[in-house]
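Chain by chain, the residues run as shown.
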Amino acid sequence: MPAMTGLTRLLSAAAILLTLASCNTTEIAAVEEPAAVPMTGKTDDPAPGFETVSVGTEEDFILNVGRRTYFTQDSSALDSVAKATLDKQAIWLNSNPRWLVKLQGFSDDSGSASKMETLSQKRADAVMAYLVSKGVDPNRLWAKGYGNDREVRDCTERSCKVQNRRVVSNLRTERDAT
Amino acid sequence: MVWTRRETMLGGLALLGANALQSPALAKATAYFSGPAVDNGVTYRSTNFANIDRKWQRQVVKYFSSEPIGTVVVDTRHHFLYLIMENKTAIRYGVGVGKEGFKWYGRATIDRKSLWPRWTPPPEMRERHPELPEFVEGGSPKNPLGPRAMYLLRDGVDTGYRFHGTLEPGSIGKDASSGCIRMFNEDAIDLYQRCPIGTAVQVLPHIAEKAPEVSQATPVATPVE
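If you read the sequences in order, they're chains A and B.
Going by our numbering, the first sequence opens with residue 1, and the numbers climb by one from there.
Going by our numbering, the second sequence opens with residue 1001, and the numbers climb by one from there.
I should point out that these hints are in silico values taken from the structure, not numbers from a laboratory.
Watch out, some of these pointers could steer you wrong.
[Claimed, not checked] Derived list of chain B stretches under chain A, where covered just means 3 residues or more per stretch with a C-beta under 8 Å from a C-beta of chain A: (1) 1062 to 1074; (2) 1185 to 1194.
[What the hints assert, rightly or not] Just so you have them, the derived chain B footprint on chain A, three or more residues with Cβ under 8 Å: (3) 40 to 50; (4) 75 to 87.
[Stated by the list, open to error] Calculated pairs, DSS-like style, for lysine-lysine (alpha carbon to alpha carbon, straight line, at most 27 Å): (5) K1113/B / K161/A; (6) K1142/B / K1099/B; (7) K42/A / K1174/B; (8) K134/A / K83/A; (9) K88/A / K1113/B; (10) K1210/B / K1099/B; (11) K1210/B / K42/A; (12) K88/A / K1055/B; (13) K1055/B / K1210/B; (14) K1103/B / K1210/B; (15) K42/A / K1055/B; (16) K1113/B / K83/A; (17) K102/A / K83/A; (18) K161/A / K83/A.
Heads up, the beta-carbon is just placed ideally off N, CA and C, and yes, glycines get one too.
Work out the full structure: start from the sequences and follow the hints.
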C-alpha cells in the first residue's frame, strides 16, 4: 500500500495546486459561469453533473448543442457555421421553454476598448436577432457585450484570439441585473 | 409443388436474412446504423449509439492540464480527442486512429475545414488497392471522410493530419488500417461547429496524465517527497 499512499499524496498536492491556479480565473468564471467549484478527481472522470445527461437540462445543452458562436476578426456577421450552431440552439430553446438565455458577447480584435465593447455588443445583438428570427421569444433573451475588458485570457497568439471572438449562450432560470 | 426460380431466390434471400440476424458479427455491423439523417442536403446513415460502447460516446469529463480553453488534444494511444472547456473540463470524443494518424505528433492549428469533402485516396493507398478511384465525390456513401474534415497545418504547412468522419462506426476506439483521426459522423459535425479556424491542436502519443499507465512512457517528473 505505500505506493497507494504516494499516489494519494501526489493527487492531493495536485488538487492544492489546481485550487491555487484557479484563483486568478475566478473573475473569468464569474463572467461566463456560476462560480467554479475546485475540481478534484482525475482526468476522464465524468464532469460534475454529466454522470448522466437528461434531455432539456443545461448539461444536455452544453454537450449536445453547444453554447458558443464564433466570429471572424472585426466582424459581427453570422457565417454559415455560426448559423448552424444557432439553428440548433433555437430548436433546443423552442422545445425547452423554461430556460432564459443571457447572451454574452466578447471581442479581442483591433481597435480601442470602446470599439471592442461596441463590437461585442453587436455580436450579442446579432445572435439575439437570429434566435428571435427562428421563433425564440425575445422576452426570454437578453444580450450584453463585455468588450475585451473581461476576456477569458489575455493572449496574443491567434488561437487565443479566435476563442475570444465569441458569443456564449448562457442558460438562466431568472433574469439578472446585467 | 415446383418452385419457380424467382421464388427460390426470394426464399434464399429470406434465409440469408434470417442467418444475418443469427450471425452476431453481421448483426452487429448492421446495428451500427439507425435511420437516415440529413445534413446540408446530404442523406447519410446515422450512428446507432445504443450499440456503441459508452466509453466512445461524446461526453463531458474532467481534464486536468494547462491547455487553454478551445484547444483540441488528441491522445492517439487511448483513442480519445478532447476539446478543452472551462473549469478543468473537456468534451471527450472517441476516435479511431488510422495508419496516417500515427505518422505525426506535435502542435498545429485547424486552418481549413470542409463540409462533405471530396476524398482523394493517397497514392500509396491506391498502390495497395488499385481498384480505388482517383477520387470519391463528397456526400457519396463510399466516401470515408464522411460529413466533415478538419485539416491541420503547422506554420501554414499542411501536416497531412486530418480529423474526419467514418463509414465504419465499429472502428471508433480502435487502430484502423487507414485514415487519420476518424470520428462518428455526428461527432465530426459537432466538432466542426466548435472549432473556429485557428483552433490550436496538440497531437500526442498519450496525454501526460496517463503516463503512469503507459509502460514505455518517459518519466515526466520525479515526485518530490
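Hints versus structure:
Chain A is given as covering the stretch 1062 to 1074 of chain B, and this holds because 8 residues of the stretch bring a CB closer than 8 Å to a CB of that chain, at least three being needed. For the stretch 1185 to 1194 of chain B, the assignment as covered by chain A holds, since 4 residues bring a beta-carbon within under 8 Å of that chain's beta-carbons and 3 suffice. With a cut-off of 8 Å between beta carbons, the stretch 40 to 50 of chain A has 8 residues touching chain B; three or more are needed, and the interface restraint holds. Judged by the Cβ-Cβ criterion of 8 Å, the stretch 75 to 87 of chain A is covered by chain B as claimed, because 3 of its residues qualify and three suffice.
In summary, the hint linking K1113/B to K161/A is supported, as the alpha carbons are separated by about 18 Å, within the 27 Å threshold. Simply put, K1142/B and K1099/B have alpha-carbon atoms about 19 Å apart, close enough for the 27 Å limit, and the pair holds. Taking the CA atoms of K42/A and K1174/B, the gap is about 23 Å. The hint holds against a cut of 27 Å. Restraint check: the Cα-Cα separation between K134/A and K83/A comes to about 10 Å, which is no more than 27 Å; the hinted pair holds.
Only pairs whose Cα atoms come within 27 Å are accepted, and K88/A paired with K1113/B is accepted, the gap being roughly 20 Å. Distance hint between K1210/B and K1099/B is fulfilled; the C-alpha atoms sit about 22 Å from each other, no more than 27 Å. Between K1210/B and K42/A the CA atoms are separated by roughly 10 Å; this keeps the pair inside 27 Å, and the hint holds. Between K88/A and K1055/B the alpha-carbon distance is near 25 Å, which keeps this suggested pair within the 27 Å criterion.
For the given pair, K1055/B sits about 16 Å from K1210/B by alpha-carbon distance, which is consistent with the 27 Å threshold. For a cut-off of 27 Å, the pair hint linking K1103/B to K1210/B stands: about 21 Å separates their Cα positions. Annotation: proposed proximity of K42/A to K1055/B holds, straight-line Cα distance about 16 Å (limit 27 Å). Using a Cα cut-off of 27 Å, the hinted pair K1113/B and K83/A holds, with the two alpha carbons roughly 16 Å apart.
Restraint check: the Cα-Cα separation between K102/A and K83/A comes to about 18 Å, which is no more than 27 Å; the hinted pair holds. Pair hint K161/A plus K83/A holds up; C-alpha atoms about 20 Å apart against a cutoff of 27 Å.
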